[in-house]
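A.B. asks: Protein chains in written order, with the working numbering: chain A, 1 to 163; chain B, 164 to 267.
Watch out, some of these pointers could steer you wrong.
Computed from the model, here is a short list of chain A residues facing chain B with C-beta under 8 Å [as the list claims (entries may be wrong)]: (1) I31; (2) I42; (3) G46; (4) Y48; (5) G66; (6) V76; (7) V106; (8) I130; (9) A133; (10) L134; (11) Y138; (12) V139; (13) L140.
Which bits of chain B does chain A cover? Going by a derived footprint, with three or more residues having C-beta under 8 Å, they are [as the list claims (entries may be wrong)]: (14) 224-233; (15) 237-250.
Simulated from the structure, these hints should not be mistaken for laboratory data. We put the CB at the ideal spot given by N, CA and C, even for glycine.
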Amino acid sequence: MEDVGSIVAFWVLSVVTVGAALMVVAVRNLIHAVLFLILSFIGVAGLYITLSADFVAITQILIYAGAISVLILFAVMLTPRAARDNAETFLQLPGLVLAALVGVTVGAIALVTDWNEATRGPFSETAAAIGEALLDKYVLPFEIASVILLAAMVGAIVLVRED
Amino acid sequence: MSVELSHYLMVGAILFSIGLYVALAKRNAVGILMGIELMFNAVNLTLIAFSRFVSPPTDVSGHVFVVFVITVAAAEAALALALAMVIYRNRETIDIDKINLMRW
Chain A
1 MEDVGSIVAF
11 WVLSVVTVGA
21 ALMVVAVRNL
31 IHAVLFLILS
41 FIGVAGLYIT
51 LSADFVAITQ
61 ILIYAGAISV
71 LILFAVMLTP
81 RAARDNAETF
91 LQLPGLVLAA
101 LVGVTVGAIA
111 LVTDWNEATR
121 GPFSETAAAI
131 GEALLDKYVL
141 PFEIASVILL
151 AAMVGAIVLV
161 RED
Chain B
164 MSVELSHYLM
174 VGAILFSIGL
184 YVALAKRNAV
194 GILMGIELMF
204 NAVNLTLIAF
214 SRFVSPPTDV
224 SGHVFVVFVI
234 TVAAAEAALA
244 LALAMVIYRN
254 RETIDIDKIN
264 LMRW
């Protein structure tokens, strides 16, 4: 049913995404951690493409790999006297145990549940359908999202303003 | 073998637990924010996977939901980093071990 290319793409992108996320944990330099985070974002965008979500993949590149990464880098650069060592708190061991428990539980549930999968259509473009849905069925959440963005922008400006 | 829904769900679960660990255990406030963004990505990947494998092909509700999640994540990132900047300006650190204003 599926060609070899998409299977290879899935495995390569999964390894890149999870490996970069592990490097975010492992590296000792905060700047390097941000760079690996960007790599992980790009890997997730590739996984979106293998799921035929072209519009969401482009949005992921623009917002996450572009805007949010630049925001995080700015926050690191603008705190010059803060520690850059990416170290852990005393919660390292409990955090590890809890994260492992959550991962194993979610993974086990994902494996044993019968998800009643529908037949998959061919790869198709989604941007036009998403645009119609945003302005028709989801127009109220769309407007609320714009108000949230405005409130966040005003709040961020008020918070960091020198006075 | 082919790539099925469970493969994507496993990737999402692994990514979520890595993000959870980063958000719980990192000492730098920006590092915690990075963990939260990783968790957002895991949930978005799961939503898109369900949209592809479970819902009918013409339904883009999962995609629309992911677009909203990305919007709220961007707003949250901007506000969280603004808070980190304010804390840094007042305390000269964003190490959460040293931010103990609410300790009794």
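A.B. asks: For this structure, which hints from the list above don't hold up?
C.D. replies: Of the numbered hints, 1, 2, 3, 5, 12, 13 do not hold.
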